[in-house]
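K.L.:
This is what each chain is made of:
There are 2 protein chains.
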Amino acid sequence: MATKEKAIFSAMKKEVDAVVLMNAVEPNLDSCFFYATGLTSGLFEGCVAIVEPKRVEIITSELEALSAAEEGLKTAVFENNEVRMRMMKNKLSRYSRIGINAKELTVFNHRLIKRLSGGARLVDISHELSESRMIKQPDELSRIRKACRIASMACDAIPEMIGEGMTETEAAAELNYRMMMLGASASAFNSTVAFGAKSAEPHYTPSSKRRLRNGNFALFDFGAAYKRYVSDITRTFVCGSSSKRQREIHATVLNAQEAAIDAIEDGVSGAAVDDAARHVIDGGKYKGLFIHSTGHGLGISVHDPGSISSANDMTLKAGMVLTVEPGIYIKGYGGVRIEDDVLVTKGGCRILTSCSKDLRTL
Amino acid sequence: MATKEKAIFSAMKKEVDAVVLMNAVEPNLDSCFFYATGLTSGLFEGCVAIVEPKRVEIITSELEALSAAEEGLKTAVFENNEVRMRMMKNKLSRYSRIGINAKELTVFNHRLIKRLSGGARLVDISHELSESRMIKQPDELSRIRKACRIASMACDAIPEMIGEGMTETEAAAELNYRMMMLGASASAFNSTVAFGAKSAEPHYTPSSKRRLRNGNFALFDFGAAYKRYVSDITRTFVCGSSSKRQREIHATVLNAQEAAIDAIEDGVSGAAVDDAARHVIDGGKYKGLFIHSTGHGLGISVHDPGSISSANDMTLKAGMVLTVEPGIYIKGYGGVRIEDDVLVTKGGCRILTSCSKDLRTL
Chain A
22 MATKEKAIFS
32 AMKKEVDAVV
42 LMNAVEPNLD
52 SCFFYATGLT
62 SGLFEGCVAI
72 VEPKRVEIIT
82 SELEALSAAE
92 EGLKTAVFEN
102 NEVRMRMMKN
112 KLSRYSRIGI
122 NAKELTVFNH
132 RLIKRLSGGA
142 RLVDISHELS
152 ESRMIKQPDE
162 LSRIRKACRI
172 ASMACDAIPE
182 MIGEGMTETE
192 AAAELNYRMM
202 MLGASASAFN
212 STVAFGAKSA
222 EPHYTPSSKR
232 RLRNGNFALF
242 DFGAAYKRYV
252 SDITRTFVCG
262 SSSKRQREIH
272 ATVLNAQEAA
282 IDAIEDGVSG
292 AAVDDAARHV
302 IDGGKYKGLF
312 IHSTGHGLGI
322 SVHDPGSISS
332 ANDMTLKAGM
342 VLTVEPGIYI
352 KGYGGVRIED
362 DVLVTKGGCR
372 ILTSCSKDLR
382 TL
Chain B
22 MATKEKAIFS
32 AMKKEVDAVV
42 LMNAVEPNLD
52 SCFFYATGLT
62 SGLFEGCVAI
72 VEPKRVEIIT
82 SELEALSAAE
92 EGLKTAVFEN
102 NEVRMRMMKN
112 KLSRYSRIGI
122 NAKELTVFNH
132 RLIKRLSGGA
142 RLVDISHELS
152 ESRMIKQPDE
162 LSRIRKACRI
172 ASMACDAIPE
182 MIGEGMTETE
192 AAAELNYRMM
202 MLGASASAFN
212 STVAFGAKSA
222 EPHYTPSSKR
232 RLRNGNFALF
242 DFGAAYKRYV
252 SDITRTFVCG
262 SSSKRQREIH
272 ATVLNAQEAA
282 IDAIEDGVSG
292 AAVDDAARHV
302 IDGGKYKGLF
312 IHSTGHGLGI
322 SVHDPGSISS
332 ANDMTLKAGM
342 VLTVEPGIYI
352 KGYGGVRIED
362 DVLVTKGGCR
372 ILTSCSKDLR
382 TL
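Quick note, the sequences are listed as chains A and B, same order.
Going by this note's numbering, the first sequence runs without a break in its numbering and finishes at 383.
Going by this note's numbering, the second sequence runs without a break in its numbering and finishes at 383.
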């Protein structure tokens, strides 16, 4: 994965001798650690990646030493914390300017790096790391594509897997199971399954108490992880037959989503794409009910760097992978969101998720 | 959950006006945010909990505002980053000494809190937060117990679910599915399923290529999450009939695990318990092959504060929940680990995981 070091350092505007990426305890792991090393197996709590322009070295615990060795990385293995500290001191004291990822490094580990390096200047390069991660490399794209294929197949199987009377948790279990049987390493995140009025909350957590009832919206927001890279899909269904209002909301969101997709191409601003979707929703009777931005970057994290939002001035570039996911949320009634993952290209974009966008019934 | 504020402030040796717990972007969420708020639904990226001795207030995005409201917490909802910044500034500028969790707060958010509070003194209270979290409260214990029951039931179903020819990923899918059908909110972590020689790596990630073969060890390390609290179980099986060597390794690990469990009680040092397990393994022909500590705290995180280790001087206290998980790992051959979750009591401990510890075959 020597291409990652190259990408990190070519995005660098600041002078540093090396970049040090350090994990704390789960969940506080640095996604750039995995980006830079390409490691697909293992947990790597408390482990350190030292990235120089032409090489990556890791300090790893015995708990995942075999996985690290298989990837062919230069690896130092510690048996305990004392040895880890000695290794860090030994290696970090060579540097006088160290790049760190302030967006994922903990305050505690920041102090540790400062101390063990003998007071090196720690330079925040989180912006450069984000820039580097936004343009996906071929090995990353192939993993994302696979994750998208798996989730799309699972999505198209929803009508055969999930029906009236099932709880949200059971439905999430079916989805997760299907993705893994199709080859996912894991679910990309805890799948959201929201029935009825709960579909109005974007980050809702499924309940083992709530059952799918006739007339309910059923919103599924989920993704597959494949070798640490992820997909992220949302589709909304109706249990039984849909009402006119449900069809109207769904059609509005779909129009908004397609307007956004049509607007995407290399060189366009994310704000313009957000506006294309928002214009459709805010131009009608559901004005103001699209309560989040249109999309976010996708890669090794579900919320990877980059966004399609009115709040920033990002320009879309060929090679970026982003979600496109407008929604309408009506408190006490329910919501609809439709989300695909796209790869930005020179003249437009390629849609990586292939499942049906019709308002299907369960 | 007013008991959590009380626990945090009664563990406090430093003077602070409030504790500020702030999430970054997934996976970099602060487990103390969820400990202090008790929130069971929602993601809460970029959200903030402000904990005073007698109240908790949260600054939350619209994406999980409904979940937050249902928990009855005092809540301020932001629609965008600008509003979030204004709310933080408004609330944080009241304080001159703010407690922060250096072990989970990112460097970036630390700077943000410093700036928006108008330069308040930020005091690291991660040690106090850990102390407070180690002694489990009744609501936490009941969630952990439920998570342990679910995982134990799934574990006892392994022989009926998993057999020769199945891949590690498929086996993990079966386990995860069973736990959710039994009422888990999610898997506690990406389940480890390791067949054959791969069982020698404690933090191995399952592969969709590796199939269970006759004579293989099959190691399963997994847990259920229930309302954000988790269990963590490991059991090792053999496919087909076991060899003498496999039975001997398994019996040694089981003896070590039972020696550790027998040694646990309020007032005993973690190091003494670790020694009890290690003495069994290092006293025989598998000397040196138990390459990690005997256990770790368990609660809202899989690796919660606290450990059973020779490397620290922690004293076990009634009310702590810990894993007990010695193992023997032989590179190129395979490994055995047996892990239970226990609640420390005055005169001993209560074992919360109930699945069989025999060397069963698949």
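Hints should not be assumed to be uniformly reliable.
It does not matter which identical chain is meant; a pair holds if it fits inside one copy or across any two.
Heads up, simulated BS3-like pairs for lysine-lysine below, C-alpha to C-alpha not over 27 angstroms straight-line [said to hold, decoys possible]:
#, residue 1, residue 2
1, K308, K34
2, K230, K95
3, K135, K34
4, K167, K230
5, K95, K27
6, K27, K338
7, K338, K25
8, K35, K338
Keep in mind that the hints were calculated from the coordinates and are not lab data.
K.L.:
Against this structure, judge whether each hint is valid.
P.N.:
Now the hints, each set against the structure:
1. K308 x K34: Classified as neither: same-chain Cα gap 42 angstroms, cross-chain 51 angstroms, threshold 27 angstroms.
2. K230 x K95: between (50 angstroms within a copy, 25 angstroms between copies)
3. K135 x K34: both (21 angstroms within a copy, 26 angstroms between copies)
4. K167 x K230: Between copies only: 15 angstroms across chains, 33 angstroms inside a chain, cut-off 27 angstroms.
5. K95 x K27: within (17 angstroms within a copy, 48 angstroms between copies)
6. K27 x K338: Close inside one copy (19 angstroms), not across copies (51 angstroms); limit 27 angstroms.
7. K338 x K25: within (18 angstroms within a copy, 47 angstroms between copies)
8. K35 x K338: within (23 angstroms within a copy, 49 angstroms between copies)
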